[in-house]
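Undergrad: Spelled out, the chains give:
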Amino acid sequence: MDTKFISRSEEFLLLAVWRLKENAYGVTIRNQIKEATGKTWSYGALFVMLCRLEKKGYLTSHFADPSSQRGGKSKRIFQLSPQGIKALKEVRKAHESVWSGIEELTVPQE
Amino acid sequence: MRVMTKKYRHPPRIAGWLIQRIFPDREGCSILGDMIETYCYLADDKGLFWARVWFWGQCLRALPYFLIDELYWRFNMFKNYLLVTVRSLKKNSTYSLLNIIGLAVGMTAFILIALYVQYELSFDKYHENADRIYRVVREERAFTPAPLGPALKEKIPEVAAVARILRSSNTLISHEQKHFLEDEFYWADPETFDIFSIPFISGDSETALNDPSAIILSQKTAKKYFGNTEPMGKILTVSERYEFTVSGVFSDMPANSHFVMDAVVPYATYFQITNNDINRWRSNFSYTYCLLHEGADPEVMGSKISPVIEIPLLKASGYQEPYPKIYSIQPVTRIHLRSHRMQEIEANNDMKYIILFSSIAFLILFIACINYMNLATARSLRRGKEVGMRKVVGAQKEQLIVQFLGESVAMAVLAMVFSIMMVLLALPAFNSLVERQLSLDPIHNPQLFLGLVFITLFVGLFAGSYPSMRMSGFRPISVLSGAFTRSSKGSSLRYVLVLVQFSITIVLIICTIGVREQLKFIKNMDMGYTKEQIITIPARGGSVRQNIQSIKTELLQYSDIIAVSTSGCLPNNIDTFTSRDWTGRNPDEPIPIYYNTADYDFINLFSMQIVQGRNFSRDFPSDETGVFLVNEAAVKVAGWKSAIGRKFTHWRGDTGEIVGVIKDFHLHSLHRPIEPLYVFLDTSTFSNISIKIKSANIPATIDYVEAVMKKFSPSYPFSYSFFDEVFERAYFTEQRMGRVFSSFAVLAIFIACLGLFGLTAFAAEQRTKEIGIRKVLGASDSKIFLLLSKEFIRWLLLANIIAWPVAYVLINKWLQNFAYRIHIGIVIFLISGGTALLIAYLTVSYQSIKSALANPVESLRYE
Numbered sequence: 000m001d002t003k004f005i006s007r008s009e010e011f012l013l014l015a016v017w018r019l020k021e022n023a024y025g026v027t028i029r030n031q032i033k034e035a036t037g038k039t040w041s042y043g044a045l046f047v048m049l050c051r052l053e054k055k056g057y058l059t060s061h062f063a064d065p066s067s068q069r070g071g072k073s074k075r076i077f078q079l080s081p082q083g084i085k086a087l088k089e090v091r092k093a094h095e096s097v098w099s100g101i102e103e104l105t106v107p108q109e
Numbered sequence: 000m001r002v003m004t005k006k007y008r009h010p011p012r013i014a015g016w017l018i019q020r021i022f023p024d025r026e027g028c029s030i031l032g033d034m035i036e037t038y039c040y041l042a043d044d045k046g047l048f049w050a051r052v053w054f055w056g057q058c059l060r061a062l063p064y065f066l067i068d069e070l071y072w073r074f075n076m077f078k079n080y081l082l083v084t085v086r087s088l089k090k091n092s093t094y095s096l097l098n099i100i101g102l103a104v105g106m107t108a109f110i111l112i113a114l115y116v117q118y119e120l121s122f123d124k125y126h127e128n129a130d131r132i133y134r135v136v137r138e139e140r141a142f143t144p145a146p147l148g149p150a151l152k153e154k155i156p157e158v159a160a161v162a163r164i165l166r167s168s169n170t171l172i173s174h175e176q177k178h179f180l181e182d183e184f185y186w187a188d189p190e191t192f193d194i195f196s197i198p199f200i201s202g203d204s205e206t207a208l209n210d211p212s213a214i215i216l217s218q219k220t221a222k223k224y225f226g227n228t229e230p231m232g233k234i235l236t237v238s239e240r241y242e243f244t245v246s247g248v249f250s251d252m253p254a255n256s257h258f259v260m261d262a263v264v265p266y267a268t269y270f271q272i273t274n275n276d277i278n279r280w281r282s283n284f285s286y287t288y289c290l291l292h293e294g295a296d297p298e299v300m301g302s303k304i305s306p307v308i309e310i311p312l313l314k315a316s317g318y319q320e321p322y323p324k325i326y327s328i329q330p331v332t333r334i335h336l337r338s339h340r341m342q343e344i345e346a347n348n349d350m351k352y353i354i355l356f357s358s359i360a361f362l363i364l365f366i367a368c369i370n371y372m373n374l375a376t377a378r379s380l381r382r383g384k385e386v387g388m389r390k391v392v393g394a395q396k397e398q399l400i401v402q403f404l405g406e407s408v409a410m411a412v413l414a415m416v417f418s419i420m421m422v423l424l425a426l427p428a429f430n431s432l433v434e435r436q437l438s439l440d441p442i443h444n445p446q447l448f449l450g451l452v453f454i455t456l457f458v459g460l461f462a463g464s465y466p467s468m469r470m471s472g473f474r475p476i477s478v479l480s481g482a483f484t485r486s487s488k489g490s491s492l493r494y495v496l497v498l499v500q501f502s503i504t505i506v507l508i509i510c511t512i513g514v515r516e517q518l519k520f521i522k523n524m525d526m527g528y529t530k531e532q533i534i535t536i537p538a539r540g541g542s543v544r545q546n547i548q549s550i551k552t553e554l555l556q557y558s559d560i561i562a563v564s565t566s567g568c569l570p571n572n573i574d575t576f577t578s579r580d581w582t583g584r585n586p587d588e589p590i591p592i593y594y595n596t597a598d599y600d601f602i603n604l605f606s607m608q609i610v611q612g613r614n615f616s617r618d619f620p621s622d623e624t625g626v627f628l629v630n631e632a633a634v635k636v637a638g639w640k641s642a643i644g645r646k647f648t649h650w651r652g653d654t655g656e657i658v659g660v661i662k663d664f665h666l667h668s669l670h671r672p673i674e675p676l677y678v679f680l681d682t683s684t685f686s687n688i689s690i691k692i693k694s695a696n697i698p699a700t701i702d703y704v705e706a707v708m709k710k711f712s713p714s715y716p717f718s719y720s721f722f723d724e725v726f727e728r729a730y731f732t733e734q735r736m737g738r739v740f741s742s743f744a745v746l747a748i749f750i751a752c753l754g755l756f757g758l759t760a761f762a763a764e765q766r767t768k769e770i771g772i773r774k775v776l777g778a779s780d781s782k783i784f785l786l787l788s789k790e791f792i793r794w795l796l797l798a799n800i801i802a803w804p805v806a807y808v809l810i811n812k813w814l815q816n817f818a819y820r821i822h823i824g825i826v827i828f829l830i831s832g833g834t835a836l837l838i839a840y841l842t843v844s845y846q847s848i849k850s851a852l853a854n855p856v857e858s859l860r861y862e
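Taken in order, these protein sequences are the chains called S and F. Per numbering that gives the first Met the number 0: the first sequence ends with 109, consecutive numbering throughout. Per numbering that gives the first Met the number 0: the second sequence ends with 862, consecutive numbering throughout.
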């Protein structure tokens, strides 16, 4: 992305996927998000976001073998694409530059 | 990281199914898998119940995301369809314009006629109890005797209320210096306002007519006399003599009523003033309405009139069985369109015409839809590539159908917008054509609004049905390989559609010409009297009758007035008749005979001819005691060798000799044959004054007549008509039909030609190369022209063959309404067919000539 940064929730998702390495699929991503931010996402919201990120090219995915534990349904494993890593780096750089020099946020006194 | 559970539990089935429905394919599987995993964990951790609740919650929360996502893609697809539609509209702007104009014109015609039909069907339906109000009629007449009403109320239990009304049109009402002739002046029972829903603005509808000298007015009439001052309690003078006190004002009755009252006075007062017996069964001049009890069966009620009221009366007057059935009832809502009795309050419309107009509306809409189908299918080949491409990238047939249907609906919506504008522009003209005050007002007419939406959708879907089916069926491989530029498949269907269009059009043209010819025939027919240069004045008020001799003398002093005559009826419509044994052959068998009263100058003024005997004459002093003229028809019916010198009796009892026989003239409209008539010489009883004038300085003559009339009857407003206009008024319905027919025939031709134009353009374009090659090889321009036009011409000739018999049957059926009618000869058919052919040929030839003259170099280079 040249002009537009990824959104905050997209950033969370990409980071979660990156942290989970080979084990990034629906359940684990959702747990990771919950641990990191304390917010519980619904699967519907989660998948819509994941699909959108994949469509934008930040993520790639493949289907793992089905397991009986999941009622014979296969896992969809997500991975960061180089583009996704680039987007994360960009947003981090931007973060650091806009936050630089600010120690503590206080309300300005008049 | 969580510990995975080992045991699999099946999640709620419905929720699981829902998830798989909304997330298709493998994606749904993996989501469901993830959810099941969490579900099993939760079930172990918190219990099955909470797990279920959670699962359902997840499922429901997924819905909005899914829907938004879905809509997003739908919208994207829609955007694409819209884009393609707009592009193809722009790219083929002529063709799109033809299409939209055709549809819009068709819709305009349809909406106009629909407005009219809706209005005509709405007559008298606004009454709260409309379904329970019935009118009692007597044989073929609308008039009933006065005592019938009370008898119905008393003897038939189904009847809840009865009201009698009696109209006196052209009644003079005066207030101080204001004099108006009230056309809608009624004598009515107070119950009228219980039966009909006529809301009162001031006064009490229960008691307003209780006082014999009370008068109640419609709002606009009250305003006419009293302006903005309070009308209640004011005095109005009726016919210069009788004083009535205003006791109520009601809101104006809607125009869609079979009678509209402006001033109402008590019914019983009429009998007091005129010294008539209100209990006399033999005088018929009132209309009787009754309101039935809720749930009462009108058929039962109708069948009771005969045994309960008629038969006792007939027995009392010495009648023997079998008793004739005289009275019947008709629902008030059916009067306007289905009652065609004599003595109707107002001229009614006819259901036949409503059906006819509706069929024309549908036919025109149909022609417009055919147009669209034709042009769209013809053009479809151009979009073959698009269809192929869409199919290759995975479009389903259904999606393509939806796309093309959507496109035609979009066209229909555009056409509707145009047509609403056209309707607004055309309404004033249309209103004067049908003599109604129609308006396009969706707020007060929600049905109309729904109707417009429905028509738009219907036209869009119907017109788009065939093209979309055809286009979605293209096979991508043949379309994309380029072998598809010209296909003869489907073109024959296009010609069949053209055939249908032109058949309908030719039928309309033939009917138009037929109606016109008949009307022309009526206008030019020798009626047996002259119509030109005669003005007629209705004679009103006692002073005119008393002073008629002075009036005549004064009128005749003016140099431009040739003759003056007074008579009961005008010769074009003698509607007074008496039924008795006037032939002297069979005393038990009454024969109807029409009569007219007239003065000495009547026969000469209207240039009638005396074939036997003589005219009324001042040279025979004995004439003054009363003598008769009869017409030839009367002599024939009576079977007299000679009528002259026979004794004859007027209906009042005056007797006298028949002095002459008038050559038959049409005493009614040409709908009816000539019937027996006698004319009684009576210089003091008349209702019309006819004045024969010179053709020069007509306005000055009329001014003079007005001055004379004002002198002798100052309070009556002066009014006059030209007799030839009065004459034509009798054929108003037919004239209106003729005008409506011709307007819509023109529209039909226009739409059909638009279609034909588009089709020829298309055919020529398709064959550009062929024409180029033919020309290079030496074909002449005229050969090419023939080649392009002959196909259409063949189908048009066939259209004539179909249309002629249909039109023949239709026009003859209409002509049955006339006792005197034209013969429909082959000429009319040839003219109509020729006209259609000529117009079509001109349409076709524009394109054909254009392509025939094109330089082959240009056409062969194209591609």
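It should be emphasised that the hints constitute simulated quantities derived from the structure, not laboratory data. Check the hints yourself; a few may be wrong.
Unchecked claim - Straight-line C-alpha distance at most 25 Å; calculated PhoX-like pairs for lysine-lysine:
| id | chain 1 | residue 1 | chain 2 | residue 2 |
| --- | --- | --- | --- | --- |
| 1 | F | K662 | F | K635 |
| 2 | S | K54 | S | K3 |
| 3 | F | K314 | F | K152 |
| 4 | S | K3 | S | K92 |
| 5 | F | K177 | F | K124 |
| 6 | S | K54 | F | K45 |
| 7 | F | K782 | F | K351 |
| 8 | F | K78 | F | K390 |
| 9 | F | K222 | S | K54 |
| 10 | S | K55 | F | K396 |
| 11 | F | K45 | S | K33 |
| 12 | F | K152 | F | K324 |
| 13 | S | K20 | S | K92 |
| 14 | S | K38 | F | K390 |
| 15 | S | K88 | S | K20 |
Unchecked claim - Away from chain F, derived, C-beta distances all over 10 Å, residues of chain S:
| id | residue |
| --- | --- |
| 16 | I5 |
| 17 | S6 |
| 18 | F11 |
| 19 | W17 |
| 20 | V26 |
| 21 | G37 |
| 22 | F46 |
| 23 | V47 |
| 24 | T59 |
| 25 | R75 |
| 26 | K88 |
| 27 | E89 |
| 28 | R91 |
| 29 | L104 |
| 30 | T105 |
| 31 | V106 |
We put the beta carbon where it would ideally sit given N, CA and C, even for glycine.
Undergrad: Work down the list of hints and note, for each, if the structure agrees.
TA: Here is how each hint holds up against the structure:
1. K662/F <-> K635/F: With Cα atoms ~12 Å apart, K662/F and K635/F stay inside 25 Å; holds.
2. K54/S <-> K3/S: 16 Å, holds
3. K314/F <-> K152/F: 21 Å, holds
4. K3/S <-> K92/S: Within the cut-off at roughly 14 Å; holds.
5. K177/F <-> K124/F: 35 Å, violated
6. K54/S <-> K45/F: Distance of about 37 Å is beyond 25 Å: violated.
7. K782/F <-> K351/F: Judged against 25 Å, a Cα distance of about 49 Å means the pair is violated.
8. K78/F <-> K390/F: 18 Å, holds
9. K222/F <-> K54/S: Violated. K222/F to K54/S sits at ~76 Å, over the 25 Å cutoff.
10. K55/S <-> K396/F: Status violated; Cα separation ~30 Å.
11. K45/F <-> K33/S: 18 Å, holds
12. K152/F <-> K324/F: 19 Å, holds
13. K20/S <-> K92/S: 22 Å, holds
14. K38/S <-> K390/F: 45 Å, violated
15. K88/S <-> K20/S: 17 Å, holds
16. I5: 18 Å, holds
17. S6: 15 Å, holds
18. F11: 17 Å, holds
19. W17: 16 Å, holds
20. V26: 5 Å, violated
21. G37: 16 Å, holds
22. F46: 5 Å, violated
23. V47: Per Cβ check, V47/S is inside 10 Å of chain F; nearest 4 Å; violated.
24. T59: 14 Å, holds
25. R75: 4 Å, violated
26. K88: 27 Å, holds
27. E89: Check passes; 26 Å lies beyond 10 Å.
28. R91: 25 Å, holds
29. L104: Holds, because the least Cβ-Cβ distance between L104/S and chain F comes to about 34 Å, which exceeds 10 Å.
30. T105: It holds; T105/S is separated from chain F by about 39 Å at its closest Cβ, greater than 10 Å.
31. V106: Given that every Cβ of chain F is farther than 10 Å from that of V106/S, nearest at about 37 Å, it holds.
Hint violations for this structure: numbers 5, 6, 7, 9, 10, 14, 20, 22, 23 and 25, all remaining hints satisfied.
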